[in-house]
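For reference, the chains in residue letters:
2 protein chains.
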Amino acid sequence: MMNRMTHPLFSKHRETLDAALTAIASREYYSAYPESPSPRVYGETAADDGKAAFEALLGKTFEIDQPTAPRHVTTEDSPFGIDLGITYPASDPTELINAAEAAWPAWRAADPATRAGVCLEILHRIHSDVFTLANAVHATTGQAFVMAFQAGGPHALDRGLEAVAYGYAEQTRVPATAYWEKPGGKAGPLAMEKTYHVVPRGVGLVIGCNTFPTWNSYPGLFASLVTGNPVIVKPHPRAVLPLALTVRHARAVLADAGFDPNLVTLAAENPEDGIAEIVAMHPSIKIIDFTGSNSFGEWLEFNARQAQVYTEKAGVNTIVIDSTDNPKGMFNNIAFTLCLYSGQMCTTTQAIFIPRDGIETPDGRLSADDVKAGIVKSVAKLTSDDARAVELIGAIVSPEVVQRVDDAASLGEVLLPSRTVEHPAYPKARVRSPLILGVDAGSSDAYASECFGPVTFLVTTDDTDASLAVVRDVVGREGALTMGVYSTQDGVLDAAVATAIDVNTHLSQNLTAGVFVNQSAAYSDFHGSGGNAAANAALTDGAYVANRFRIVQSRKHVEPRTAE
Amino acid sequence: MMNRMTHPLFSKHRETLDAALTAIASREYYSAYPESPSPRVYGETAADDGKAAFEALLGKTFEIDQPTAPRHVTTEDSPFGIDLGITYPASDPTELINAAEAAWPAWRAADPATRAGVCLEILHRIHSDVFTLANAVHATTGQAFVMAFQAGGPHALDRGLEAVAYGYAEQTRVPATAYWEKPGGKAGPLAMEKTYHVVPRGVGLVIGCNTFPTWNSYPGLFASLVTGNPVIVKPHPRAVLPLALTVRHARAVLADAGFDPNLVTLAAENPEDGIAEIVAMHPSIKIIDFTGSNSFGEWLEFNARQAQVYTEKAGVNTIVIDSTDNPKGMFNNIAFTLCLYSGQMCTTTQAIFIPRDGIETPDGRLSADDVKAGIVKSVAKLTSDDARAVELIGAIVSPEVVQRVDDAASLGEVLLPSRTVEHPAYPKARVRSPLILGVDAGSSDAYASECFGPVTFLVTTDDTDASLAVVRDVVGREGALTMGVYSTQDGVLDAAVATAIDVNTHLSQNLTAGVFVNQSAAYSDFHGSGGNAAANAALTDGAYVANRFRIVQSRKHVEPRTAE
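Going down the list, the protein sequences come from chains H and B. Using the working numbering, read the first sequence as starting at -19 and increasing by one per residue. Using the working numbering, read the second sequence as starting at -19 and increasing by one per residue.
Hints listed in this document are in silico derivations from the structure and should not be mistaken for laboratory results. Check before you lean on any hint, since a few could be wrong.
The list cannot tell twin chains apart, which means a pair is met if one copy fits it or any two copies do.
What the hints assert, rightly or not - Simulated crosslink set (DSSO-like; lysine-lysine; CA at most 30 Å straight-line):
| hint | residue 1 | residue 2 |
| --- | --- | --- |
| 1 | K357 | K536 |
| 2 | K166 | K361 |
| 3 | K162 | K40 |
| 4 | K536 | K166 |
| 5 | K31 | K357 |
| 6 | K31 | K166 |
| 7 | K162 | K536 |
| 8 | K40 | K536 |
| 9 | K408 | K357 |
| 10 | K357 | K(-8) |
| 11 | K308 | K357 |
| 12 | K361 | K536 |
| 13 | K308 | K166 |
| 14 | K536 | K(-8) |
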């Protein structure tokens, strides 16, 4: 148990791990996985090969060797209308837990370097097949292909690597052994040798979501795995394939490295099976990572008391517009945020606050109506051409979200109606252009709780102070992952920072170029703060990894090295 | 808010902080506060001055300037029968919370270095008055004076400094600002400046215990304070003075450093007031540190959902005896552990497992009865002389514990009866010598739940495997803070380590010299693992500090430094 050999995979990936460790400390730019799907980066045939590999999966039983699967399920419903028809083994959850526990001892006894090496190899293996994954994310989430590639592939992998780096750093903060010598009096020094064992918590459960099956799951998956815990991956029934591919790669790497592949398993289910509740309450489940609804997230936090529970739920993301030196840049930047993936990112802005008397710009004062019109016009322009629009807005993840868009039109003055968009490649795709509504600050019933999907509220307030007060109130209660502010006044920016601090929400100031409030960069930007109702943890920080294992020490007397 | 000056107290104490930071990383020996109360260390008059300062407090109202105290309470009952009669202001808890929130902004906005400097100055100020504190701990806990000095003074201060070091390290893992530049294509690089704000959680509540009012409270107090949170200190009604002195020093230092002293307040109460429940459930309380009973600890964990809750409760500490190369050293070491402060340490061994067929020693085989007799004889020897005994066993913290000792005699074969000991200096002292009972492994009703106080069970098992199996079962269920093993066999030691890992309990092997299973050294030994039922957190590790604050970032575009 003590004299463990570090696996050669650690040396293979050490440079990458070191770069990630440097990046999480400096918070400077870093990426280990190129985000451009260009053939110049990935090779001439990569895209076609990935598409072919994806298509070869359709209509078949997904091949994955797991503990007894008494039955199979076919549950996906592509937002693009792609006929997936893939059948997944629905293993008995209790057998998955038993298999995880049986697989655990060797992984638990491995040193953190070995585990990091194996995790990096899993990321590497996923990356080598990233176009297959990108097609899977595209088909199951409704993200346009380039976004599915980037967010579902390299960006998700970077988030996974970031979690590995945090987990490795946390485990190695305490040395494996220490020599302790306390100066003594007449009796001479007291000396001890101490061994510090990293003791993982136990079986982890990762509950995936429909919109970002990989990006939102990889941090928890790799944080638990690198800290020595087996992981059961429970995908959303409508987005199984991206995580099925992930689990298959993970199992292959684990087996190749000499570990039991049952350290990572897939828990596919029919939606009505309610596997997540059952597994989450099992006494062997010690860690849960969840992305999804407030109701189930809060249920988990309240009920799964035997586990460390990390949740990302919903909130109300806001932008406060006070003034700008670049109205066009502001409108375009906001419009891109609202359109990207039809506002179905947990970080997309839902409410934009505009002062009743308008805003100062270099071109003179813009009235509140001008500001609203500027945003509406930019969104309309981005979405006016169907063929171009779908490459930005993608498709609507579920029929329920389409229904919500239809219902939302009554919540305010329709400034830009949502229309049905024809997808040139996918005739059966569910595509709606964004709905923009105008409301007054008093109509908080409309805008002050999450309305997931392509629905934005432009909220008129008395002034910027009032806007910030509403943000403080609404986000203080409902939580948020992101906040934006536009102002040319230092005092306003300072007040926005103060508000962001009070509601524990990350703030983007005056975004007018190629960075958007709803995007965060691994290693540099935290996703969520863990300090408001939208999430009880941040991706990724020390607190996200430090309680996935414990340190147990053993100590014994040794001869003092210091002569008396 | 951004351009904060670091307080000069940081420079004053930087060397000490750096030494502590080095020590928590190396886990080598370190102490900032000399543990010897010798006049050669503390000066000829220090002991007398401290005693006089303590005596000057007796029978009076404790002078501490706090938010409105409508009434006063006098609740202490010295185990030594010292007539304390000190009256404390019983402030309205809601006013303390309001005052803490009013005091918070400047402390929250201070940089981590400033907060660390102020915390170290508080520790320094307490240390400069450590003999007064030692008398207070002695009088209220029943610890013999030297132990009260060491555990209540320097060792507690070291635990406080350790928490400051961990909290400072955690806050400074993320830089205050970062420049982020993402290589671009034709559009050139994207550059951002990012600011990372440490955002403390909110008002902390520290709930002290009767036996170790300072040692068990300082980690939570200083972990919360250094990470920017105000702290309300709720002492045990029978051990108010040590924390009242602590709070008074803290308030003086805070005021001297230009902060609102209401960042640290004392919440004294009558036992029937139930202030802890009321304060703990207040929505403004965001962090709770508790040492005490399982029932209230579990109540807090379950009910105070708005707060981060760190608990140290009770468990069953064990020693497994398999064989030894030094029977005398083993007996003496164990006897010292059982006698020290009458077994009223949360780390004291309660159950010692002895194989039915006895153990191997260099002097030949000792029967199980010989082993029991060896322990009993050593304990009897340490406690046979009343005047010497009281300097080791101290006094019994409460009448309930005396009653428990009396009741426990029926739980097994009395191998060493508890007797009433006369304290030469304190005629009214509650002093009992340790009770040692013999039971069979089957009598788990007797030994398998915590029996706080000077009661030890010597448990006969079939063999060492059976002993370890019982430990695994009992500690797996009840938790523990410490475990010991004596064996000359590597295989047995390895099995003990494996058991300790499985039950997340720190293990001491073959202690026969000047280190005892119930003692842990700050910076090197973790107190508790946070991985079993005895405690949900370890003192002190990354997880203990990382969630007492959050990081909120703000970011904005800047001109790229890299030419296109």
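These are the hints, each one checked on the structure:
1. With identical chains, the CA atoms of K357 and K536 are at most 30 Å apart between copies only, with a shortest distance of 25 Å across copies and 73 Å within one.
2. Proximity of K166 to K361 under the C-alpha cut-off of 30 Å is restricted to the inter-copy arrangement: shortest distance 23 Å between copies versus 86 Å within a copy.
3. For a Cα distance limit of 30 Å, the shortest separation of K162 from K40 qualifies neither inside one copy, at 67 Å, nor across copies, at 41 Å.
4. In this homomeric assembly, K536 and K166 come within 30 Å of each other (Cα to Cα) only inside a single copy, at 21 Å, whereas the closest approach across copies is 63 Å.
5. Proximity of K31 to K357 under the C-alpha cut-off of 30 Å is found in neither arrangement, the shortest distances being 36 Å within a copy and 79 Å between copies.
6. Taking the shortest Cα distances, K31 and K166 sit within 30 Å of each other only across copies (28 Å), while inside one copy they are farther apart (77 Å).
7. Taking identical chains as interchangeable, the C-alpha atoms of K162 and K536 lie at most 30 Å apart only when both belong to the same chain, with a minimum of 14 Å there against 51 Å between chains.
8. For a Cα distance limit of 30 Å, the shortest separation of K40 from K536 qualifies neither inside one copy, at 58 Å, nor across copies, at 48 Å.
9. In this assembly of identical chains, K408 and K357 lie within 30 Å of each other by CA distance solely inside one copy; the values are 28 Å within and 87 Å between copies.
10. In this assembly of identical chains, K357 and K(-8) lie within 30 Å of each other by CA distance neither inside one copy nor across copies; the values are 51 Å within and 59 Å between.
11. Proximity of K308 and K357 under a CA criterion of 30 Å is satisfied intra-copy only: 11 Å inside one chain copy versus 88 Å between copies.
12. With identical chains, the CA atoms of K361 and K536 are at most 30 Å apart between copies only, with a shortest distance of 26 Å across copies and 72 Å within one.
13. Taking the shortest alpha-carbon separations for K308 and K166, only the inter-copy value of 21 Å comes in at or below 30 Å, while the best intra-copy value is 80 Å.
14. Proximity of K536 and K(-8) under a CA criterion of 30 Å is satisfied in neither setting, with 36 Å inside one chain copy and 37 Å between copies.
Hint compliance for this structure: hints 3, 5, 8, 10, 14 are broken, all remaining hints hold.
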